Amino acid sequence: MTEQQGLENSFKNRIAAWPLWARLTSLAALVGIAVLSSKWLILFLLIALGLWPIMVLLGLGVLVLMSKSRGGWPWMKDWLKARLRQLAVPALSVLAALVIGGLLIMFTDQVVYQTIGEGQIGKGIGMGFANLGRAYVALYQGALGSPIRIVSAIFQAIGGEGIKPILGAVRGPSDSLVQSVPYIFAGLAVALGFRAGLFNIGAEGQIGVGWLAAVIIGFSFPGLPGFIHLPLAVLAGALAAGLWGSLAGILKAKTGAHEVITTIMLNYISFRLSEWVLCGPLEDVQGTCRTKEILSSAYLPKFLEHPVTMHWGFMVAVAAAAATGWLLFKTTWGYEMRTVGTNPDAARYGGMNVAKTYVLAMLLSGALAGLAGVSQGLGITHNIALGFSAGYGFDAIALALLGKSNPVGVVGASILFGALRAGAARMQSLAGIPTEIVQIVQSLVIVFIAAPAIIRGIYRLKDDDSESGQTVFSRGWGS
Amino acid sequence: MTPIVEARNITKRFPGVLANDNVSFSLNKGEILAFLGENGAGKSTLMNILYGLYSSDEGEIEVHGKPVDIQEPSDAIDLGIGMVHQHFQLVPVFTVAENIVMGTEPTQFPFSWLALGIASGIVALLSFIGSMVGLGGVGQGLLAALAGGGIVAGFYLLFFILGWFSSQKAQIYIPVISAIGIAGGVTLALSQGAPGEIPLYIFLALLFGAVSYPTLRVLATALDRQAATRRIRELSEQYGLIVDPKAVIEDIPVGIQQRVEILKTLYRKADILILDEPTAVLTPQETEELFEIMQTLVEQGKSIFFITHKLKEIMSFADRVIVLRHGKVVGETTPATSSEEELAEMMVGREVSLVVEKEPATPKEVVLEVNRLCAEDDRRQAVLRDVSLSVREGEVLGIAGVQGNGQTELVEVLTGLRAATAGAFRILGQDMTNATPRRITELGVAHIPEDRQQDGLVLPSPVFDNVVLNTYYKEPFAERAMLQFDQIHEYADHLVKEFDVRPPNAELLVEALSGGNQQKVIVAREFSRPIELLIAAQPTRGLDVGSIEYIHRRLIEKRDEGCAVLLVSVELDEIMALSDRIAVMYEGEITAIVDADKVTRRELGLLMAGSHIEKIHQ
Amino acid sequence: MSVQAQPIDTPKTTEINRKDLIIALLFLIAGGLILVLGGFGTQTGERSIFTDNILGELFSFASRSTLYTAGSVCILIAGLRLIRALDSIKSLLTWGAVFLLLFGFLVWITSGTRLNITGMIQSMLTAATPLTLGALAGILCERAGIINIAIEGMMLSGAFAAVAFAGVFDNLWMGLLAASLVGGAMAAVHAVLSIKYKVDQIISGTVINILAAGATRFLNLRLLEPAGLSSPGQLSAIRIPLLADIPIVGPIFFENSPTVFAMLILVVIINYVVFFTPWGLRMRACGEHPRAADTVGVHVNLTRYVSVIVGGLIAGIGGAYFSLDVVGAFEDNMTRGQGFVALAAMIFGNWSPIGAFMAALLFGFADAIQVKMQILHPVLPFLNVFIPHEFLQTAPYILTIVVVAGVVGRSRPPAEEGKPYEKQ
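Chains as they are written, first to last, in the numbering used here: chain W, 2 to 480; chain H, 223 to 840; chain U, 10 to 433.
This is chain W alone, in the form it adopts within the complex (with noise of 0.2 Å):
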């Protein structure tokens, strides 16, 4: 902790002694690069994702290296021990999700019933174990490819074939993190919502929100230039989900109505509209439900070809999860919402204005959770159809818990989420296993990381204090 510190100072002085021009011109020249070569950036990223394991080895290699300076082995285990400590029970929750998942999955099949039903208990075990292995594999290969496809797609490339086999094998680790845009804007939304005291449990409604006002925009002004339109439909959906999230802000500061309730029924109020709207107004054809297509100018642009579908809501995410870390944690407005999410007494004493603070952090949420459904609007879909809903409104609660309302650990939340969703189609199409299974790891995920007592219980894990108190957000209806 000191020495990340002594290291981040260190950096920040050089930094700030730098004139703004300089910094501000570095900065664009970062972005620059990384757009330029965004392409490139992304095709590592993805056979990053998908050798994961190598990539763990070189980590710890650079470890190694770093401990050299640093004392050695006991620093370097030390380093590894906090870190374990620190992922010990979000890990260990995925894998008892994960094994509870296998099991209903091996328990959960009519021949293998059959079978041990007409007494070979043993065979019936066996073919258990078999379709769960299927469907593990399965799962894996969808979320992060295979990897000898992969190095084998490498060599090919580099014996001139081109990239062509490359984007086949990493279709799985991209599939992954589109499928956790989403998640990680709706993370934020809640984990932000957490942080200020806020519960918002609305999350599902704001994006429906986010997602229609960016589709109108988007098919609404034919001729505009992309660099015009596309960035009017992001903040379009982001500015409508934030009005429409912090409305339970705003009767939160004037009437004291518990945020729980209000974006409950929120929820439910833009679900009737959108479905007045999708099969009125805004229906395109008739009995479809279902919005005109956004003009291409409003396209989230993709970085690579068919049938790598990663596209610029990714880096996005990135830089609002970096962009919300910042405001948490390194601005006045940041450190008034969490002092008013951890003792709105003392916050009023500070001065601060509690209501004020309420409905800026609804608006936040509100606005992050719009740009779930902006990027899927914009990037996926192109249109908004009835039953838009897919639940990530609901995941992101868990994706807040498990990332400890933290943006780093939302959006490590949100990739593994998104991963769980892309192979868990996979596993569908090729195991015949229905794509609910993630709903009942992730919630059992919830449980395990909401009560880390039942994991230590399981697991024998030592206790921990840094994990109590962690998980209480509502005070009632009443207050």
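Errors might be hidden in some of the hints.
[Claimed, not checked] Derived list of chain H stretches under chain W, where covered just means 3 residues or more per stretch with a C-beta under 8 Å from a C-beta of chain W:
id, region
1, 617-630
2, 663-671
[As the list claims (entries may be wrong)] Where chain H lies over chain U, by a calculated footprint (3+ residues, C-beta under 8 Å):
id, region
3, 297-307
4, 346-354
[Stated by the list, open to error] With a cut-off of at most 25 Å between alpha-carbon atoms, the simulated BS3-like pairs for lysine-lysine come out as follows:
id, chain 1, residue 1, chain 2, residue 2
5, H, Lys534, W, Lys357
6, U, Lys207, W, Lys405
7, W, Lys293, W, Lys303
8, H, Lys491, H, Lys468
9, W, Lys331, H, Lys550
10, H, Lys534, H, Lys550
11, W, Lys405, W, Lys331
12, W, Lys255, U, Lys28
13, U, Lys99, H, Lys468
It should be emphasised that the hints constitute simulated quantities derived from the structure, not laboratory data.
Nothing here was measured: the structure is a model prediction, and the numbers come from that model.
Just so it is clear, CB atoms sit at the ideal spot from N, CA and C, and this is done for glycine as well.
Given the coordinates of chain W, assemble chains H and U onto it according to the supplied hints.
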């Protein structure tokens, strides 16, 4: 005569604290035994052990000469022990009667129509059976199981009506009846079902059999509100505790609420009463009335434990007193053979000098001027009525009064945390009525809040976050809305050193600090910026003697630097030791403002009780 | 002090408070709208005819004059509120005005046609059934101090279990029983998480909802559909002989599906248990001030467990309504957010069983009238558009927000709700 309660060698440990260390005591019939001690001396813990809210780690208790094991409050209640807690344990939205009877409610067989209903239910069940005949298979089993449950239910009901379910007998009857019923259900199941389905029927029979008793038990007992009211009226008259059984708790004053608490114990036939700091929230008149009630109780054969840290109450009231310090018994005496000073020394452990060394004040310009200020509390009742006062540079104005006479709200209004409904106040000549807390703070007003954990600190945050709670947005802690953590850390480290916060580490979470050190964090924050007016509410409540002296010294230092100080405290001694002038608040009004050196304790006590100054001087 | 110490009295103001003003304005606007509907939304001589299946024509109102009357009375009531007249029967007048508004609306959409009023009330009651059952589950849970936003999940799993077990045992009644038990089991999970593990109760409730949605669909695809068990058929209505033959009342109350009967009986029983039995008193104390309950020997956490689980049993029956009553099969996510409307009914009904039932009836009315509107398509005057029926569907949610915001009347939740109870 054997003592009615005898406790030997009670020891209770909490993590890091030895709350009770080998404490022994005994209580005789018809006696008032006082426990005296400072906050945290272990008085309440001891009584909570006797009442079964805590369990002791060591030691034994005898009641009426028999050794007992008190695990739960219900055990204590069965032994005739009743407790009036320091914080009343009353449900605000319930009526007086509901609160008193809860847990041991008078009941009646609900309504005659319920009996009819059950009868018709049985008819319905029969017709149900009729309609099910011919379904075969599971349907038959289901009705067999229902019939099993029905048999059990029928028996229960019959026995209940016959009154055979008094608590003792039920222990024998319930298993027997359940067994009969379940056997009946299973027999029916076996006679009707297909072999493969029999386990299911047995399961269902068990299920219905098992749930039928508790369900019927709940359904067949209704609250008898009339009986409750009647009984409470009787008790009221017997002990002179006048209450309206139908009033709702949140609408009645604290003094009456306390009577309800006492009635609660009497209703449970308690003959041993524990009163935990009963006078803390009462006016002197209410206290007098409480003592009269206690006298009546003792005359009628009750015995009383009485916890307090107020010496005067003990002198005027207790038969015997046990003094506790740091969880240990340090002495036992009777008021007749002891003096106040002697008790105080025992309680604190050394000669107490509540005299704070200070020079006479040299007041200058008026800093705070309050003019006919009015405000309402959270329930929209008027709590401040035409309050007028002024505080000048270099003087301490103390506000004395019993808790709950509007002091809290006055401080809240002056710091911008509560709206004034009428009147005005000016700070440094500027009208600050209903200004935001921030404007008031920026004017140079420091505020030590009454509830430091609730209002003054963000407990789960580190010290360095807390020391900038009201300056975080200003230079040098922030530049263009960006927090400057280097400056904040530096500042925090400096304050921690200067104000001797222990342990001296600004990275620690505030919740990990002791109460005294938490208060030091607040004092450090408030005293380390340029201030003209200091509003300190209960600045030493719950602190140890060392911290109290430290904070008193700092307060006087501030005064001598030319700061105006408004001190609010319910501790009369603190007010008298620190103030240059004293204002007394009673029921939301300032009843008197007097010079500190021209008033006696007794006079202040009377003023706090609502007397007027002319009367006192007569 | 005390006998003589009178409570500090509130200053009596003659000016009217904000809440009254808002209510008055709302009635004023609504009354005005009714007048406009009467004047421009109906034709001269049109009649609104309310009928019954057996008796035929029951009432026939001259639409326009009825609407004029209803609208004027509403405005009159608003006026009374503004000048603070008849303050003593304020709430009666308020409810009267609400009734008149609803009635006026009904008269307007029926203008020129006929409305089967018995059928309408019947469908109100049917629509109110799952809402009431869900709300009862919520009330039991929340009165004991545990927040329950998992009604939806409990109902959904109940709906699934009903179909699954009805299929397995080939008996619909077993399905009903299983629905109840599985609802109870989900509630038990909620209870263990929030009482034993002290998980935030909203998180725990969300878990139940996500788990129920995922698990029911997963199990349906994996187990029920392959085995051909997913549509066991519908529960048939029970007709109570003789009573069902009473005109109007008979078909409404005495000829219904078993879940509706269960709902009606449970409303009465739960209301009695919560407010008139010792157990109810203790349970409410657990939600209001658990420590007070503990100090008089009430086992707070045990009481909470029992309340939550019994609530789950009831929610399960509510779930069976969807699968066994309405369609006779299981469909994905078939509760469609009705669990949250039940939550709304609970809040709107101020955490009381009768109140929640009334709220559910009101929501059921919105539902029934929305179905009617899809058939009748009343055209709004001036705007010449139909009222989209989705707008009416948002009514329960908007009303709930209005109530929790305390704009008109305020619902008061149990004070200590959402906080795990720990003995010291």
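Status of the hints after comparison with the structure:
Given as covered by chain W, the region 617-630 of chain H fails the check, having 0 residues with a CB less than 8 Å from a CB of that chain where 3 are the minimum. Look at the region 663-671 of chain H against chain W: 4 of its residues bring a Cβ nearer than 8 Å to a Cβ of that chain, three or more, so the hint holds. Beta-carbon proximity to chain H at under 8 Å applies to 10 residues in the region 297-307 of chain U; the threshold of 3 is reached and the given coverage holds. Coverage of the region 346-354 of chain U by chain H is violated. Counting CB-CB distances below 8 Å, 0 residues qualify, and the rule asks for three or more.
For the hint linking lysine 534/H to lysine 357/W, the alpha-carbon distance of about 50 Å lies beyond 25 Å, and the restraint is violated. Restraint check for lysine 207/U and lysine 405/W: the C-alpha separation of about 17 Å stays at or below 25 Å, so the hint holds. This hinted pair checks out: lysine 293/W and lysine 303/W have alpha carbons roughly 21 Å apart, not beyond 25 Å. At roughly 21 Å between alpha-carbon atoms, lysine 491/H and lysine 468/H fall within 25 Å of each other, so this suggested pair holds.
A hinted pair counts as satisfied when its Cα atoms are at most 25 Å apart, and lysine 331/W with lysine 550/H does not qualify at roughly 50 Å. Restraint check for lysine 534/H and lysine 550/H: the C-alpha separation of about 22 Å stays at or below 25 Å, so the hint holds. With a C-alpha separation of about 18 Å, the suggested pairing of lysine 405/W with lysine 331/W holds against the 25 Å cut-off. Taking the CA atoms of lysine 255/W and lysine 28/U, the gap is about 14 Å. The hint holds against a cut of 25 Å.
For the hint pairing lysine 99/U with lysine 468/H, the CA-to-CA distance comes to about 24 Å; that is within 25 Å, so the pair holds.
When the structure is compared with the earlier hints, violations turn up for hints 1, 4, 5, 9 and for no others.
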